[in-house]
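Q: Listed here are the chains, written in short residue letters.
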Amino acid sequence: MVQLTPLLRKNYRGGHVSIRLALGGCSNRPFYRVVAAYNRRARDGRHLEQLGCYDPLPNSHGEKLVGLNLDRIRHWLGSGAHLTKPVEKLLGLCGFFPLHPMTITDAERLRRTRALEAAAASPAQAPQQSGRPGGADC
Amino acid sequence: MACCGGRASLWVCRAACRGAGLLGVRRRLPLSPRPGAGGTGPSCRGLGSEADSRCLETKKPEFTDEEVQNILTKMTGLDLQKVFKPSKQQLKPPTYKLMTEAQLEEATRRAIEAAKERLKMPPVLKERTPINDVLADDKILEGTDTAKYVFTDLTYSIPHRERFIVVREPSGILRKASWEERDRMIQVFFPKEYRKIFPPLMFQEENLPILFRQDRHEDVLNLCIAQFEPDSADYIKIHHRTYEDIEKHGKYDLFRSTRHFGGMVWYLVNEKKIDGLLIDQIQRDLMDDATSLVVLYHMLHPHGHSAKQAKEQGAEGLDLIKVFAKTEAQKGSYIELMLQAYQEALNSHSAAS
Numbered sequence: 001m002v003q004l005t006p007l008l009r010k011n012y013r014g015g016h017v018s019i020r021l022a023l024g025g026c027s028n029r030p031f032y033r034v035v036a037a038y039n040r041r042a043r044d045g046r047h048l049e050q051l052g053c054y055d056p057l058p059n060s061h062g063e064k065l066v067g068l069n070l071d072r073i074r075h076w077l078g079s080g081a082h083l084t085k086p087v088e089k090l091l092g093l094c095g096f097f098p099l100h101p102m103t104i105t106d107a108e109r110l111r112r113t114r115a116l117e118a119a120a121a122s123p124a125q126a127p128q129q130s131g132r133p134g135g136a137d138c
Numbered sequence: 001m002a003c004c005g006g007r008a009s010l011w012v013c014r015a016a017c018r019g020a021g022l023l024g025v026r027r028r029l030p031l032s033p034r035p036g037a038g039g040t041g042p043s044c045r046g047l048g049s050e051a052d053s054r055c056l057e058t059k060k061p062e063f064t065d066e067e068v069q070n071i072l073t074k075m076t077g078l079d080l081q082k083v084f085k086p087s088k089q090q091l092k093p094p095t096y097k098l099m100t101e102a103q104l105e106e107a108t109r110r111a112i113e114a115a116k117e118r119l120k121m122p123p124v125l126k127e128r129t130p131i132n133d134v135l136a137d138d139k140i141l142e143g144t145d146t147a148k149y150v151f152t153d154l155t156y157s158i159p160h161r162e163r164f165i166v167v168r169e170p171s172g173i174l175r176k177a178s179w180e181e182r183d184r185m186i187q188v189f190f191p192k193e194y195r196k197i198f199p200p201l202m203f204q205e206e207n208l209p210i211l212f213r214q215d216r217h218e219d220v221l222n223l224c225i226a227q228f229e230p231d232s233a234d235y236i237k238i239h240h241r242t243y244e245d246i247e248k249h250g251k252y253d254l255f256r257s258t259r260h261f262g263g264m265v266w267y268l269v270n271e272k273k274i275d276g277l278l279i280d281q282i283q284r285d286l287m288d289d290a291t292s293l294v295v296l297y298h299m300l301h302p303h304g305h306s307a308k309q310a311k312e313q314g315a316e317g318l319d320l321i322k323v324f325a326k327t328e329a330q331k332g333s334y335i336e337l338m339l340q341a342y343q344e345a346l347n348s349h350s351a352a353s
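In order, the protein sequences belong to chains A and B. If you count the first sequence from 1, position 80 lands on 80 in this note's numbering, and the numbers rise without skipping. If you count the second sequence from 1, position 280 lands on 280 in this note's numbering, and the numbers rise without skipping.
Honestly, the hints are just simulated from the structure, not real lab data. There could be a bad hint or two in this list.
[Stated by the list, open to error] Under the rule of at most 25 Å between Cα atoms (straight-line distance), these lysine-lysine pairs were calculated in the PhoX-like manner: (1) 89(A) <-> 176(B); (2) 85(A) <-> 148(B); (3) 64(A) <-> 176(B); (4) 64(A) <-> 192(B).
[Stated by the list, open to error] Partner residues aside, some chain A positions facing chain B, computed with beta carbon under 7 Å: (5) 17; (6) 45; (7) 48; (8) 52; (9) 58; (10) 62; (11) 67; (12) 69; (13) 93; (14) 94; (15) 95; (16) 116.
Since we're looking at a predicted model, the values are computed, not measured. We put the CB at the ideal spot given by N, CA and C, even for glycine.
Start from the sequences, fold in the hints, and give me the full structure.
A: Structure (structure tokens):
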């Protein structure tokens with residue numbers, strides 16, 4: 001029997017495998033699948049393997065569900081796949097990788113803006129309060 | 001921050017490797033091996049011969065012991081008509097077969113084997129200890145998110161008990177998921193037939209008596225086995241509640257020839273509430289079952305009055321029940337009366353024939 005799939009599969013020049021989030025779901029209801037696909041394929045197009053899923057909307061118990069097939073993720077990482085930032089952040093949050101630097105940076109920035117807002121709000125309410133609370137520092 | 005250096009090094013390393021195209025060293029936080037091993041309590045089977053004598057005296061017989069299981073299977077009985085009672089299925093016209101005597105025996109033998117398979121007792125385990133393991137605490141992440149993330153490892157080849165299911169709280173704590181969260185996640189990703197994500201309303205305290213009034217204890221327990229894990233708190237609570245209700249109303253015959261009988265007897269013997277069951281067995285002339293019940297009671301409570309007296313007198317059969325009725329039973333006098341009536345009936349029957 002002649003195997004037709006190698007002939008049908010596109011061979012990319014200089015492309016690489018990427019583990020990324022493919023968007024699905026409906027309007028105002030996103031749902032991501034963690035997918036290993038060639039870099040230059042469409043975002044939701046043909047993938048090599050589905051490695052998990054991520055539901056960004058919390059369920060009735062207040063949880064965002066993330067399923068990750070760690071065995072196969074390890075396999076693709078070992079085969080030289082690249083990761084996109086959202087996937088790296090998810091893997092950092094779950095403990096498979098250490099926390100992503102941008103997660104920490106975003107947290108610090110959020111904290112700083114909140115502190116600034118709190119400081120801006122309190123002089124407006126009570127002008128006698130002096131000094132502004134020190135923001136988070138390294 | 002002191003920890004920045006370690007984290008930064010990983011990302012630098014990965015960036016370099018990406019450029020070089022070689023496999024880099026992937027550093028990752030150690031995920032501890034077992035979220036929690038469910039299972040039976042400790043058993044003495046692995047010990048050496050010297051410890052055996054001490055072991056047999058002090059060890060409490062478990063539900064899974066061979067002798068216990070033999071006694072319980074004998075008491076459960078094998079009523080083929082009840083085991084293969086018509087259950088709700090799609091309607092098919094009945095099939096009739098013309099068989100010789102030998103073929104009929106063969107068919108009955110196969111039916112008995114199938115019935116034994118159906119009568120296999122569901123496990124009786126201790127309640128599982130809650131999981132309170134914190135893997136990491138990153139205070140930097142506090143307040144960045146409003147909902148928690150539940151990460152499930154979807155590797156197909158690992159057993160569900162060893163699956164990694166971790167929760168990242170909005171406060172930044174990375175902890176192992178509790179048993180209820182684990183059961184829910186496993187049902188979401190690896191659904192089991194007839195198990196629901198939200199337990200049916202039937203299992204709530206107010207609704208159970210309605211079912212008990214309709215004598216549907218068996219359905220309750222079958223659905224409970226389908227819905228909950230054997231060592232979860234809900235499973236044990238519902239089973240105990242059902243057994244208590246049966247014991248209160250004396251509806252022991254509902255469970256005879258079902259797979260729940262063994263569990264019920266085990267519970268009653270552990271709680272020392274076997275009087276009602278004994279009376280029911282004597283009334284139905286099941287003397288062997290009654291004696292084996294008292295034997296099981298003595299196996300589980302060897303330091304009680306009745307066990308010691310029985311050993312002194314070397315009692316057998318009906319005498320065992322008499323000893324038990326005299327010493328530790330609540331309705332001892334009633335049991336003695338029943339035994340007398342049974343013996344008189346036996347004598348009159350033998351005299352008549």
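Q: Against each hint, give a clear statement of whether it holds in the structure.
A: A quick look at each hint next to the structure:
| no. | hint | in the structure |
| --- | --- | --- |
| 1 | 89(A) <-> 176(B) | holds, 19 Å |
| 2 | 85(A) <-> 148(B) | holds, 20 Å |
| 3 | 64(A) <-> 176(B) | holds, 15 Å |
| 4 | 64(A) <-> 192(B) | holds, 22 Å |
| 5 | 17 | violated, 13 Å |
| 6 | 45 | violated, 22 Å |
| 7 | 48 | violated, 16 Å |
| 8 | 52 | holds, 6 Å |
| 9 | 58 | holds, 4 Å |
| 10 | 62 | holds, 5 Å |
| 11 | 67 | holds, 5 Å |
| 12 | 69 | holds, 4 Å |
| 13 | 93 | holds, 5 Å |
| 14 | 94 | holds, 4 Å |
| 15 | 95 | holds, 5 Å |
| 16 | 116 | violated, 15 Å |
Checked against the numbered hints above, the structure breaks hints 5, 6, 7, 16 and satisfies the rest.
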